[in-house]
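Whenever a hint applies, use it, and build me the whole structure from the sequences.
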Amino acid sequence: MDEDELIDRVLGGDAAAERALYDAHVDRVYRLAFRLAGDDDLARDLTQETFIRAFDRIATFRRESSLSTWLHSIGVSVALNRLRTVKRLRQRELPVEGVPEPMTYQRTSEPDLKQRLAQAIDRLAVGYRTVFLMHDVEGYTHEEIGSILGIDAGTSKAQLSRARAKLRLALADFAGEWLS
Amino acid sequence: MTPIDPLDDPLDPTLLDAAREYHRPPQHVPRDAMWAAIARSRASRGPRTGIRPRWASYPALIAASVLLAAGITAGWFAREHLSAPELQTAATTATRVPGVPEGMAGGSTTGTIAYRIAVAHDLTGAEALITAFEDTALHSTGDQQTSDAQLDSWARELLSNTRLLLDSPAGRDPQRRRLLEDLELVLVQIIQVGPSHRADDRQLINRTLDRNQVLTRLRTAIPAGMTGL
Numbered sequence: 001m002d003e004d005e006l007i008d009r010v011l012g013g014d015a016a017a018e019r020a021l022y023d024a025h026v027d028r029v030y031r032l033a034f035r036l037a038g039d040d041d042l043a044r045d046l047t048q049e050t051f052i053r054a055f056d057r058i059a060t061f062r063r064e065s066s067l068s069t070w071l072h073s074i075g076v077s078v079a080l081n082r083l084r085t086v087k088r089l090r091q092r093e094l095p096v097e098g099v100p101e102p103m104t105y106q107r108t109s110e111p112d113l114k115q116r117l118a119q120a121i122d123r124l125a126v127g128y129r130t131v132f133l134m135h136d137v138e139g140y141t142h143e144e145i146g147s148i149l150g151i152d153a154g155t156s157k158a159q160l161s162r163a164r165a166k167l168r169l170a171l172a173d174f175a176g177e178w179l180s
Numbered sequence: 001m002t003p004i005d006p007l008d009d010p011l012d013p014t015l016l017d018a019a020r021e022y023h024r025p026p027q028h029v030p031r032d033a034m035w036a037a038i039a040r041s042r043a044s045r046g047p048r049t050g051i052r053p054r055w056a057s058y059p060a061l062i063a064a065s066v067l068l069a070a071g072i073t074a075g076w077f078a079r080e081h082l083s084a085p086e087l088q089t090a091a092t093t094a095t096r097v098p099g100v101p102e103g104m105a106g107g108s109t110t111g112t113i114a115y116r117i118a119v120a121h122d123l124t125g126a127e128a129l130i131t132a133f134e135d136t137a138l139h140s141t142g143d144q145q146t147s148d149a150q151l152d153s154w155a156r157e158l159l160s161n162t163r164l165l166l167d168s169p170a171g172r173d174p175q176r177r178r179l180l181e182d183l184e185l186v187l188v189q190i191i192q193v194g195p196s197h198r199a200d201d202r203q204l205i206n207r208t209l210d211r212n213q214v215l216t217r218l219r220t221a222i223p224a225g226m227t228g229l
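Top line first, the protein sequences correspond to chains Y and P.
Each residue of the first sequence is one higher than the last, beginning at 1 in my numbering.
Each residue of the second sequence is one higher than the last, beginning at 1 in my numbering.
Some hints could be false.
Said to hold, decoys possible - Quick list of the computed label-pair ranges, beta carbon to beta carbon: (1) Y:Gly12 to P:Arg45: 16 to 22 Å; (2) Y:Arg28 to P:Ala36: 17 to 23 Å; (3) P:Arg163 to Y:Thr155: 32 to 38 Å; (4) P:Asp135 to Y:Thr141: 49 to 55 Å; (5) P:Gln175 to Y:Ala158: 48 to 54 Å; (6) Y:Ala16 to P:Ile191: 29 to 35 Å; (7) Y:Thr155 to P:Arg156: 33 to 39 Å; (8) P:Gln203 to Y:Thr141: 36 to 42 Å; (9) P:Asp135 to Y:Gly13: 35 to 41 Å; (10) Y:Asp23 to P:Asp167: 42 to 48 Å.
Claimed, not checked - Far from chain Y by the CB rule (all over 10 Å, computed), these chain P residues: (11) Ile113; (12) Ala132; (13) Ser160; (14) Arg163; (15) Val214.
As the list claims (entries may be wrong) - Stretches of chain Y that chain P covers, calculated by requiring three or more beta carbons in the stretch to come under 8 Å of a beta carbon on chain P: (16) 19 to 27; (17) 34 to 47.
Hints in this document: simulated from the structure, not taken from any laboratory.
Every residue, glycine too, gets a C-beta built ideally from N, C-alpha and C.
Set out below in structure tokens:
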């Protein structure tokens with residue numbers, strides 16, 4: 001069954017078609033949600049919310065992009081909005097002395113590369129982080145990222161380049177390890 | 001010869017491998033569990049379930065909303081259309097409403113009684129909602145889905161009222177404003193945790209409630225005789 005036919009059947013209220021559509025896309029949507037959220041419960045919530053919204057709005061899908069792109073654009077939007085809110089609420093909840101100072105990392109011990117890299121990724125601006133995770137980690141193309149995020153492919157490329165530069169800078173004292 | 005793209009500067013493979021460990025998703029995607037949750041959520045939102053229409057569930061809330069809207073309209077109308085002496089007279093001759101103490105006044109000279117009643121209704125509703133939320137969290141029942149949906153719609157109504165009050169002269173009193181802002185945060189959190197009511201989300205809400213002593217301040221701010229509306 002091709003995508004158009006599947007969408008037509010979903011629009012006609014076919015429950016089996018809804019499940020088929022879900023099965024075809026859920027793994028990739030969940031993976032991306034997990035990469036952005038870093039938490040299984042939250043990734044599940046985000047994935048569920050993505051499909052709930054998609055089924056609610058599928059009549060408005062104009063079939064100008066692929067269904068996958070459309071679903072991912074809902075997914076990324078849901079994820080970024082939710083993560084923004086979660087971050088804001090958790091910051092409000094943290095006692096002042098518990099809020100980590102941004103960019104004041106001191107190398108007092110020897111955390112391994114993965115840990116330092118994770119901290120550096122966390123500190124990236126959300127746009128850079130999203131593009132970096134989508135392209136370098138999950139393998140999306142700049143064209144896909146552009147369509148999903150509503151930006152030009154060239155902007156995606158530029159943001160990725162800046163993200164990589166910031167990561168290299170943040171991990172400069174590890175450079176010997178990966179350049180050797 | 002292909003031109004070199006200055007933006008195409010891939011990370012070193014070691015770094016890239018390390019990056020792939022960042023928030024690495026589990027191998028197994030919980031497809032069926034998520035599908036079941038999606039189906040439950042869609043079923044609970046539609047009109048075809050056994051959930052009572054929310055307007056039928058909260059007559060007191062409807063009354064409070066109408067009163068709130070009337071109060072705000074009256075306040076604005078008075079401020080726009082009455083002269084200063086008339087406003088002063090209205091403020092000084094206003095009849096005290098039983099159960100609404102003077103301490104509830106926010107310093108505005110217009111529509112103060114209507115605002116006080118609206119605030120009291122809002123706070124009364126909020127106290128009932130928070131109590132119900134805590135009770136639901138502690139005692140899950142078979143009809144949990146219905147209860148969650150009702151709490152959610154109730155919280156949304158109260159949030160909308162609370163925001164209206166924050167934007168009204170009732171929100172000018174600093175002490176009351178802080179209470180309404182804390183209440184707004186709690187309501188947003190209750191709405192956001194949704195039907196799942198996960199333990200860590202509940203904990204977040206409970207921390208807000210405890211740290212800001214929201215329930216205690218609500219009960220203090222609600223005038224005697226206003227409960228049970």
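So, going through the hints one by one against the coordinates:
1. Y:Gly12 to P:Arg45: 16 to 22 Å: Holds: the Cβ-Cβ distance is about 20 Å, inside 16 to 22 Å.
2. Y:Arg28 to P:Ala36: 17 to 23 Å: Because 20 Å falls inside the window, the suggested range holds.
3. P:Arg163 to Y:Thr155: 32 to 38 Å: Between P:Arg163 and Y:Thr155, where Cβ atoms are some 35 Å apart, the hint holds.
4. P:Asp135 to Y:Thr141: 49 to 55 Å: About 51 Å separates the Cβ atoms of P:Asp135 and Y:Thr141, which means 49 to 55 Å holds.
5. P:Gln175 to Y:Ala158: 48 to 54 Å: holds (50 Å)
6. Y:Ala16 to P:Ile191: 29 to 35 Å: holds (33 Å)
7. Y:Thr155 to P:Arg156: 33 to 39 Å: holds (37 Å)
8. P:Gln203 to Y:Thr141: 36 to 42 Å: holds (41 Å)
9. P:Asp135 to Y:Gly13: 35 to 41 Å: At roughly 38 Å between Cβ atoms, Y:Gly13 and P:Asp135 fall inside 35 to 41 Å, so the hint holds.
10. Y:Asp23 to P:Asp167: 42 to 48 Å: holds (46 Å)
11. Ile113: holds (34 Å)
12. Ala132: holds (21 Å)
13. Ser160: holds (18 Å)
14. Arg163: holds (16 Å)
15. Val214: P:Val214 clear of chain Y: closest Cβ-Cβ about 13 Å, beyond 10 Å.
16. 19 to 27: holds (count 5)
17. 34 to 47: With 11 residues close enough to chain P, the hint holds.
Of the numbered hints stated above, none is contradicted by the structure.
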